[in-house]
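Asks: Letter by letter, the chains look like this.
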Amino acid sequence: MMTFFEKQTNPLDQAHHMGNLMVDNMYTSGTAGKKFFTHLKENDTFLASRCKKCGTTFFPPRLYCEDCFIEIPEEDWKEVPAQGTVRLFTIATLNTFGEKLDEPKVIGMIDIEGTDGAMLGYIETDETNKDLIGSKVKAVLREKKDREGTVKDIRYFQVL
Amino acid sequence: MTRKVCVIGVGNTDFNSMTPDVSWKEFMYEACKKAYVDAGINPREDVDSFITCAEDYWEGFSIFDEFVPDQIGAVLRPCCTVCGDGIQGLASAYMQIMTGLVDTVAVESHSKISDALSYGDVVLHAMDPIYEKPVAGQVERERFSGPSYPEKSPKPLVGKTDEKGRVHPYYIAGLEMQHYLRSTKTTEEQCASVVVKNKRNAYDNPMADYECSLIEDDVMQSEYLFKPVKELDISPLVDGAICFVLAEEGVAKNLGVEPIYLNGFGYSSETPWFSSRGMDAGYATMASKMAYKMAGIKDPKGAFDIIEVDDRFSYKELQHIEALGLAKPGEAAKMLENGELEKDGKLPTNISGGSLGIGNCLEATGLQRSLEIVTQLRGFAGKRQVKNPEVGLAQSWRGIPSGTGAAAIFSRYPEVKA
Chain A
143 MMTFFEKQTN PLDQAHHMGN LMVDNMYTSG TAGKKFFTHL KENDTFLASR
193 CKKCGTTFFP PRLYCEDCFI EIPEEDWKEV PAQGTVRLFT IATLNTFGEK
243 LDEPKVIGMI DIEGTDGAML GYIETDETNK DLIGSKVKAV LREKKDREGT
293 VKDIRYFQVL
Chain B
18 MTRKVCVIGV GNTDFNSMTP DVSWKEFMYE ACKKAYVDAG INPREDVDSF
68 ITCAEDYWEG FSIFDEFVPD QIGAVLRPCC TVCGDGIQGL ASAYMQIMTG
118 LVDTVAVESH SKISDALSYG DVVLHAMDPI YEKPVAGQVE RERFSGPSYP
168 EKSPKPLVGK TDEKGRVHPY YIAGLEMQHY LRSTKTTEEQ CASVVVKNKR
218 NAYDNPMADY ECSLIEDDVM QSEYLFKPVK ELDISPLVDG AICFVLAEEG
268 VAKNLGVEPI YLNGFGYSSE TPWFSSRGMD AGYATMASKM AYKMAGIKDP
318 KGAFDIIEVD DRFSYKELQH IEALGLAKPG EAAKMLENGE LEKDGKLPTN
368 ISGGSLGIGN CLEATGLQRS LEIVTQLRGF AGKRQVKNPE VGLAQSWRGI
418 PSGTGAAAIF SRYPEVKA
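Chains as they are written, first to last, in the working numbering: chain A, 143 to 302; chain B, 18 to 435.
Hints are supplied without guarantee of correctness; some may be wrong.
Listed next, with one range per pair, are the computed distances between beta-carbon atoms [claimed, not checked]:
#: 1; chain 1: B; residue 1: Arg217; chain 2: A; residue 2: Asp186; range: 50 to 60 Å
#: 2; chain 1: A; residue 1: Phe211; chain 2: B; residue 2: Glu83; range: 33 to 43 Å
#: 3; chain 1: A; residue 1: Gly172; chain 2: B; residue 2: Arg199; range: 29 to 39 Å
#: 4; chain 1: A; residue 1: His159; chain 2: B; residue 2: Cys97; range: 24 to 34 Å
#: 5; chain 1: A; residue 1: Tyr169; chain 2: B; residue 2: Gly273; range: 52 to 62 Å
It is worth saying that the hints were derived from the structure and are not from the lab.
We treat Cβ as the ideally placed atom computed from N, Cα and C, and that holds for glycine.
Could you put together the complete structure from these sequences and hints?
Replies: If you want it as structure tokens, here you go:
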């Protein structure tokens, strides 16, 4: 057999002391995040923000342009449809412990329509062998009553 | 007269999938001691400043800097941590020496990643917590919950089935490899050839831990884990420590050691947002441009006798060669096919075995690459010695999900002959 498959890989078999880091964090959504998610709670569309100077439309929306380094005022925010195009996709099979997931997950980089930005998200499809690049997809959101104002409100993207 | 900075000593441990016999302190001591002996100096008197390159979450400590001084000879001496790749540490050392405040600086970096039981989650934790990280799935638990395991059985969280739903963040590499293959018309088979080459090269490197005789079919038939990334496209994790001693060239002359000069370096970071980020290793392009300018290299093609680039995923070697301006997009694979990246080729690349052959040692990767270049320039590389190299380039990346990279140019001369 190939040599590297024979390595010992379980450090817990060796003399050791256990320890862990018990840390919980909250992350402030920020002004831009609050606006984006508050809108998403009540609507079936996304918000994006456009830099007047360079014309880049940021998605997720931001309060500043990272290129021009200037603020993006409120009047330069716009509503865009919660849909886009698959730029890239992969089929993930492992969990964070390096073990098999129960079901492989199709994850895509979705270019959001009307913006220069993109979003990572699950793609729901029966055809995992199909080349999804260039496919139009729509965000499937939670029922309005169940939305909590986080990215989890976007359940997955459905191929149109 | 302008000061010149050179490497006067290097030391390293072996690279192993696990190092259960030594603590992280003990193997850092080993690497540093070897470097000081190599340079012929006593760190307690002769080293003016100490730098470690480490990141708290990899180490499992808060404020890891505090755990560093004793094992590197830096107790009650100027000592700091650079939270970045080893080449970023070399850059800091260079700048310290150029100020004239110090003459000799030690730079250490290591991976004791076998101690980290939650590697995938640490990597995942490096993604934007509001928009991007939650896509992989999240642990839903009560806020401020305190200890997360039952008191009577102090077992780690690792292994609890309800904690296992999160997707491994290497899926980002699946997306990026897809992009690389499409935009450059490179094939999965050509990436498989990188794995074959580097794991074969590793046989001639006694430090390497993942040497293997493979053919392209073995790689192609290994399982898709993050399509198109296959199991053998991924460099496995490894433990190891490396120490460099840098000094002003006068120090080298007094010690009588043959100096290897650090002629140029650069580092650069992409925006962290995947939504706005390019996927063509722009960090490597910008870092290398900075390094070329500093070293006075106008055309990098033909400037180097040997290069070591980051190959933590097979496609990364080809992508980085192109990003460094050493090949046009899509041409790195052709150079590989033509044998140009072999030991006796035009541009020997990852003759050490790279991360695929030696193992992925995280923040120490830049020093691992630099170590190979220095060893080759000194002519100490044994069976894998490239014929009479004079100038070499080491390049590294901070790994998924980062967009940060660094590059360093070393040569046997104070000035690179452009």
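Asks: Does each hint hold? Answer for all of them.
Replies: Tested hints:
A hinted range of 50 to 60 Å for the beta carbons of Arg217 (chain B) and Asp186 (chain A) is consistent with their spacing of about 55 Å. For Phe211 (chain A) and Glu83 (chain B), the hinted distance range of 33 to 43 Å is satisfied, since their beta carbons lie about 35 Å from each other. A beta carbon spacing of about 34 Å between Gly172 (chain A) and Arg199 (chain B) agrees with the range 29 to 39 Å that was offered as a hint. For His159 (chain A) paired with Cys97 (chain B), a C-beta distance near 28 Å keeps the hint of 24 to 34 Å intact.
Between Tyr169 (chain A) and Gly273 (chain B) the C-beta distance comes to about 55 Å, which sits within the given range of 52 to 62 Å.
In this structure, none of the earlier numbered hints is contradicted; all agree with it.
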